[in-house]
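K.L.:
Chain residues, written in single-letter form:
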Amino acid sequence: MNRRNFIKNSMLFAGSLVAIPSLIVSKKAYAAWPKKSFDIKDLTESVSSVYGHSNLEESSKVKLKAPEIAENGAIVPINVSTTLDNVESIMIFVENNPQPLSSGYKLTSLSEPSIGTRLKMGKTSNVMAAVKSGDKVYTSTQEVKVTIGGCGG
Amino acid sequence: MSTIKMRSKESNGVVTVKALIKHPMETGQRKDKKTGDLIPAHYIQEVHSKANGKDVITIYWGPAVSKNPYLTFKYKGNKGDNLEISWVDNQGNRDSKTSTVK
Numbered sequence: 013m014n015r016r017n018f019i020k021n022s023m024l025f026a027g028s029l030v031a032i033p034s035l036i037v038s039k040k041a042y043a044a045w046p047k048k049s050f051d052i053k054d055l056t057e058s059v060s061s062v063y064g065h066s067n068l069e070e071s072s073k074v075k076l077k078a079p080e081i082a083e084n085g086a087i088v089p090i091n092v093s094t095t096l097d098n099v100e101s102i103m104i105f106v107e108n109n110p111q112p113l114s115s116g117y118k119l120t121s122l123s124e125p126s127i128g129t130r131l132k133m134g135k136t137s138n139v140m141a142a143v144k145s146g147d148k149v150y151t152s153t154q155e156v157k158v159t160i161g162g163c164g165g
Numbered sequence: 002m003s004t005i006k007m008r009s010k011e012s013n014g015v016v017t018v019k020a021l022i023k024h025p026m027e028t029g030q031r032k033d034k035k036t037g038d039l040i041p042a043h044y045i046q047e048v049h050s051k052a053n054g055k056d057v058i059t060i061y062w063g064p065a066v067s068k069n070p071y072l073t074f075k076y077k078g079n080k081g082d083n084l085e086i087s088w089v090d091n092q093g094n095r096d097s098k099t100s101t102v103k
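Protein chains in written order, with the numbering used here: chain A, 13 to 165; chain B, 2 to 103.
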């Protein structure tokens, strides 16, 4: 790091310190968005912060559809569905991403437990779909090999 | 122009909804190649969907969701339902769109 960049970065850092109080205020508007869970960098901690525990149970009733090899880590199609009843939520965790929790889907009595989206993956990783049904959390995990990471430019 | 493109189709009492949202989904971890500065995080945090005014699904997204996100979900509904999708991002921008289920 040269001197110019160092000064620039330290100014950026100082600027972000000033910005924090205003951020906290504006974040309150979206209190429901679980910021803490999305910030956590460890899979187990991430799981406990979402569910309050980390007692997961592998289940063949959770169907995770993901490619075995993703050529482009910027667009990895993920589909999750389940035959379980009373599904409250579906969460998708990507173990080796900077923050494992990628997205969460809160269902209602109207919804069918079947969702799909496209995720960014930095590198080859296990992808875990977690389905909360009643008091239990059921999961299905699959490894997705990434040839080109999705976090670079 | 709405940022949301959506399509919904009913079959045997289940409506399949597919939506594409135009959004940069910037993680806040990428650097501008020319200046080396971090590009500020800019991503959708919440997506809501309602059918005839009733909540269908609430979605929380983090920065790991792809640029111009794609979304699909299913709900128990009928042809002619008034389906609304709305989103809000971490910078407070929002958009919504309503369409009729086919």
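Hints are not guaranteed to be accurate.
No farther apart than 16 Å at their CA atoms in a straight line, the calculated lysine to aspartate or glutamate pairs in the EDC-like style are these [said to hold, decoys possible]: (1) Lys135/A to Glu80/A; (2) Lys47/A to Glu57/A; (3) Lys157/A to Glu83/A; (4) Lys77/A to Glu155/A; (5) Lys6/B to Glu85/B; (6) Lys118/A to Glu100/A; (7) Lys118/A to Asp96/B; (8) Lys77/B to Asp97/A; (9) Lys51/B to Glu124/A; (10) Lys75/A to Glu57/A; (11) Lys47/A to Asp56/B; (12) Lys19/B to Glu124/A; (13) Lys103/B to Glu85/B; (14) Lys148/A to Glu83/A; (15) Lys73/A to Glu100/A; (16) Lys48/A to Glu47/B; (17) Lys77/B to Glu124/A; (18) Lys51/B to Glu27/B; (19) Lys10/B to Glu57/A; (20) Lys6/B to Asp96/B; (21) Lys118/A to Asp56/B; (22) Lys144/A to Asp97/A; (23) Lys23/B to Asp96/B; (24) Lys148/A to Glu100/A; (25) Lys98/B to Asp33/B; (26) Lys19/B to Glu85/B; (27) Lys55/B to Glu124/A; (28) Lys118/A to Glu80/A; (29) Lys73/A to Glu124/A; (30) Lys75/A to Asp147/A.
Keep in mind that the hints were calculated from the coordinates and are not lab data.
K.L.:
Hint by hint, say whether it matches the structure.
P.N.:
Status of the hints after comparison with the structure:
no. : hint                 : in the structure
1   : Lys135/A to Glu80/A  : 13 Å, holds
2   : Lys47/A to Glu57/A   : 14 Å, holds
3   : Lys157/A to Glu83/A  : 8 Å, holds
4   : Lys77/A to Glu155/A  : 11 Å, holds
5   : Lys6/B to Glu85/B    : 11 Å, holds
6   : Lys118/A to Glu100/A : 6 Å, holds
7   : Lys118/A to Asp96/B  : 20 Å, violated
8   : Lys77/B to Asp97/A   : 14 Å, holds
9   : Lys51/B to Glu124/A  : 14 Å, holds
10  : Lys75/A to Glu57/A   : 24 Å, violated
11  : Lys47/A to Asp56/B   : 22 Å, violated
12  : Lys19/B to Glu124/A  : 14 Å, holds
13  : Lys103/B to Glu85/B  : 14 Å, holds
14  : Lys148/A to Glu83/A  : 34 Å, violated
15  : Lys73/A to Glu100/A  : 15 Å, holds
16  : Lys48/A to Glu47/B   : 15 Å, holds
17  : Lys77/B to Glu124/A  : 7 Å, holds
18  : Lys51/B to Glu27/B   : 27 Å, violated
19  : Lys10/B to Glu57/A   : 39 Å, violated
20  : Lys6/B to Asp96/B    : 11 Å, holds
21  : Lys118/A to Asp56/B  : 10 Å, holds
22  : Lys144/A to Asp97/A  : 10 Å, holds
23  : Lys23/B to Asp96/B   : 10 Å, holds
24  : Lys148/A to Glu100/A : 10 Å, holds
25  : Lys98/B to Asp33/B   : 32 Å, violated
26  : Lys19/B to Glu85/B   : 12 Å, holds
27  : Lys55/B to Glu124/A  : 14 Å, holds
28  : Lys118/A to Glu80/A  : 27 Å, violated
29  : Lys73/A to Glu124/A  : 14 Å, holds
30  : Lys75/A to Asp147/A  : 19 Å, violated
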